[in-house]
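A.B. asks: Using the sequences and the hints given, assemble the complete structure.
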Amino acid sequence: MLRFLVIRLVWMIPSLFAVSFLAFVLIQLPPGDYVTTYIATLAASNEVVDQNTAADLRNRFGLDQPLLIQYAKWISGILIAGDFGLSFEWQQPVSELIWERMALTLVLTVSTLIATWAIALPIGVYSAVKKYSVGDYIFTFFSFLGLAIPSFLLALVLMYVAAVQLGQEVGGLFSQDYVNAPWSFGKVLDLISHLWIPVIILAVSGTASLIRVMRANMLDELNKPYVTTARAKGLSEFRLLVKYPLRVALNPFISTIAWLLPNLVSGSIIVAIVLSLPTAGPMLLQSLMSQDMYLAGAFVLLICALTLVGALVSDILLALADPRIRLE
Amino acid sequence: MTEKTTPPPRGCMIDRRTVLSGVAGLAALSSAPAFGQAAREAPELARMVAANQLPPLAERLPRSPMVVTPHERAGSYGGTMRRGLRGSSDHNGILRMVGNQGLVRWNLAFTQVEPNVAERWEVNADASEFTFHLRPGMKWSDGKPFGADDVVFAIEDCVKNTDLYRSVPALLTIAGKPVTVTKVSDSVVKFTFAGPYAMFLEQLATPLGQHVTLFPKHYCQQFLPKYNASLASSTDWPNQFRARCGDIEIPSRWGNAEKPTIDPWVITEPYTGGATRVVMRRNPYFWQVDTNGAQLPYIDQLVMNISQDVESLMLDTISGRIDIQDRHIDTLQNKPTLSQNMQRGGYRLVELVASSAQQCQIYLNMTHKDPAMRAMFANIDFRRALSLGIDRKEIIDLVYLGQSEPYQTGPRPGHPWYHERLARQFTDHDPKRANEMLDRLGYNRRGRDNIRLRPDGQRLFFAIDVIPTLYPDAVDTLELVKRHWAEIGVDIKVNTIERALYYTRGDSNDHDAAVWPGPGGLDPMLDSRDYFAQHPQGSRYAIPWTLWYVSGGRDGQEPPESQKRRMKLFDDARATADIARRGVLMKEVFDLTADAFETIGICLAVNAFGIARNNLRNVPEKMPQAWSWPNPGPALPQQFFFTT
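Here the protein sequences come in this chain order: Y and F.
Using my numbering, you'd call the opening residue of the first sequence number 1 and step up by one each time.
Using my numbering, you'd call the opening residue of the second sequence number 1 and step up by one each time.
Hints are computed from structural coordinates only; laboratory data are not their basis.
Careful: at least some of the hints might be erroneous.
Calculated from the model, a selection of chain F residues having no Cβ within reach of chain Y, i.e. all distances over 12 Å [stated by the list, open to error]:
{"#": "1", "residue": "59"}
{"#": "2", "residue": "74"}
{"#": "3", "residue": "76"}
{"#": "4", "residue": "194"}
{"#": "5", "residue": "228"}
{"#": "6", "residue": "382"}
{"#": "7", "residue": "405"}
{"#": "8", "residue": "431"}
{"#": "9", "residue": "491"}
Restraint-style ranges between C-beta atoms, simulated for each label pair [stated by the list, open to error]:
{"#": "10", "chain 1": "Y", "residue 1": "250", "chain 2": "F", "residue 2": "332", "range": "46 to 56 Å"}
{"#": "11", "chain 1": "F", "residue 1": "455", "chain 2": "Y", "residue 2": "18", "range": "48 to 58 Å"}
{"#": "12", "chain 1": "Y", "residue 1": "114", "chain 2": "F", "residue 2": "108", "range": "51 to 61 Å"}
{"#": "13", "chain 1": "Y", "residue 1": "147", "chain 2": "F", "residue 2": "331", "range": "25 to 35 Å"}
{"#": "14", "chain 1": "Y", "residue 1": "175", "chain 2": "F", "residue 2": "331", "range": "24 to 34 Å"}
{"#": "15", "chain 1": "F", "residue 1": "331", "chain 2": "Y", "residue 2": "153", "range": "17 to 27 Å"}
Beta carbons are placed, not taken as given, at the ideal position from N, Cα and C, and that holds for glycine.
C.D. replies: So, in structure tokens, the structure goes:
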């Protein structure tokens, strides 16, 4: 086990380097650079940048230097000083910008995860056990509906109904009074009252697919001889289900942890944009669109690191939950 | 040296004494509440004065505050004005609302420069020396005095500091040399240029002219090594300076709540990378009053929510959660939705007069790298034939819902410099004549698909670059043009590309042709890119000629005689202070532009619109929309107020 851990950890270093370099190249691949994009964005509102200033900007950000030198500067800053650089657009340190948004992102992702599991697990088991019953058909119908509706569309429709028909405030995670207020009991209540819309929207598609996965897995297990044996020995139906087939059917849930961590940053970008949520997703997209290299690069690096860590964690958890899996 | 004094406008005659005597008179009348007479400062400020947290109004205002004549009537204090921003690169949305406080400003009609921070000025005979008289006693938003020292500091120590600005902004440079600013007295500064610069006042009234009043010396000097010895060995100080003191057009201008300004509202919740809204509260030291002597602004605070998505901004607008907005929602497609929901959202539409001349200007690259293409585009009869081949009426009806008229380019109808021939020549739809002209030019053979062949046997085909995300209407227009031109045997590709690629192709002169709205309709002197090869990113029919012009003949390609003549005339016009004389010179430019017929226009730029809530008053029903007139700033949002 220890050997496995060490090997995995050592392999992470070259992977991170490779990914960071690829990310840097990819961000630079589209034509133009941050300054071109900046000029073009302003031009969209008929705004003009002083011509001397534009040339200055390129020089100041080092955009007129070759790619390799830019990369070397960036990565050495990170390695030597832990300095992720300055965001071109905001003139703020990149690390500050990212951490500012991580707390709420974490809250949103974890609540969504809990909601998803809390809905998907029991329904999945129910549909499997009562296969082809009326209840199963109803849940199947709704879960296919949930799979089919793009979540951003659901967000837009819900927002329209809430804003125009009910006259409620939508978008964001806080009401106006609490946006910049210090944390208090009232603010937490306010957060909870705003959190349910994005949580429902994000949970809908996740729930739907998990119900299907859970149902299929359970169906595989329910006909196996060990279930029959257990039933023959007189175990109560509930205890039987929870103790044996459910545990085996859980494997895919544990595997989802691998992509759960990177989803912290990059998941649900479109929904977050539509709902104006102060999470990390919109900022990632924004930095990619404006070719704000250091900010985007740091995000990609973070996502990559989280993916690697997530994969490791889920491998370990799988081994713990299912004795049939060997790590070697 | 003869000096010409610009008289202050009529409204400026109320000085602090009048205001004070008014206050004294009020106090003398009785201790009873002032009957019918409105308060002269906001209640919250009056409370702070009473609690000794703030000096009395008379000490906060300059000796002669700028007097603003309210658009409709004098307003009352209070309220929160709500606006929307987009998540990225939308700092200019704040600038347009509050940051329009330069030495001078535009009038509402966008025709004349008026006093602002400077109460008056003198210009010498050859327009190379400008002496500005500031308002004695004027204060920054932290109560520290604003004066000549700040102006000198901003230009001499900041803008001309090569570590901060590798080259001085073009606006403060003439004949390759930057301006010199000297202090005459505490409230008088003199700008000296190396040569005549008659357009300086107009330029100063635009957003790019705001450096002069941007940097408070008492605050910003701590970030300059010249004043702060501890920075001498630092290489990072320019970044720190920009992060704390900002610049005209970067987000960090609105990211530091500590930095004093002279704006009507000051930042309390800053615009930073993680922000979800921006809040600004009234500046207790704001130096403008209404005609009753009441301090502006009327409205207590601005709240600008940051939407990542333009659709949610629309949703906020139609559900009445936005008080004034035009940015991002002013597309033609949104107009029906916004009109339909006027009642529900409780707002009205405000007309924004386009400052551009042309809605969709087609620039054929007359300096194309391929000699055959170059010869084709450079032929004036070819361009005339293409122009005659367009059915402008159909485009206007289908794409612009009938809201325009066929047009080429030039100052808009109603502008004193309107030029009939430049505006209307070759706008008829005459495919027969166009076909004859093309036949005569040697494109008389046709291929199988009825498209003409060039003398070298190639199909007559070229691509027109357009950015669909910026100008969806231009794509629709081009699709119709493609159909019209197919009838005269010319084939085009509507080349929809991403915006950065559009710029890159232009910069490296790789494009066959491109479209862009043609500016210069209300501000022909400030943006003349369609009148001659002036703008290295804008005059897309001949980028190499613009480089020749900008570099003074060192780079680029030498343009033809007509262009050189126009460049000379324009430079002369820019150095001429006398408006009538300037008009004569520009008329000559327009004559030459009309003869040369370099760009092909479709129709007059369509007016845009914005919304204002019904209870928000003093908003003009009609105002220009431009960057040089950064709407709604010059309509003076500080005198907007809420009735309920």
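A.B. asks: Now tell me, hint by hint, if it's right for this structure.
C.D. replies: Right, here's what the structure says about each hint:
no.: 1; hint: 59; verdict: 31 Å, holds
no.: 2; hint: 74; verdict: 29 Å, holds
no.: 3; hint: 76; verdict: 23 Å, holds
no.: 4; hint: 194; verdict: 16 Å, holds
no.: 5; hint: 228; verdict: 19 Å, holds
no.: 6; hint: 382; verdict: 29 Å, holds
no.: 7; hint: 405; verdict: 21 Å, holds
no.: 8; hint: 431; verdict: 34 Å, holds
no.: 9; hint: 491; verdict: 26 Å, holds
no.: 10; hint: Y:250 with F:332: 46 to 56 Å; verdict: 54 Å, holds
no.: 11; hint: F:455 with Y:18: 48 to 58 Å; verdict: 54 Å, holds
no.: 12; hint: Y:114 with F:108: 51 to 61 Å; verdict: 57 Å, holds
no.: 13; hint: Y:147 with F:331: 25 to 35 Å; verdict: 33 Å, holds
no.: 14; hint: Y:175 with F:331: 24 to 34 Å; verdict: 30 Å, holds
no.: 15; hint: F:331 with Y:153: 17 to 27 Å; verdict: 21 Å, holds
The structure shown violates none of the earlier numbered hints.
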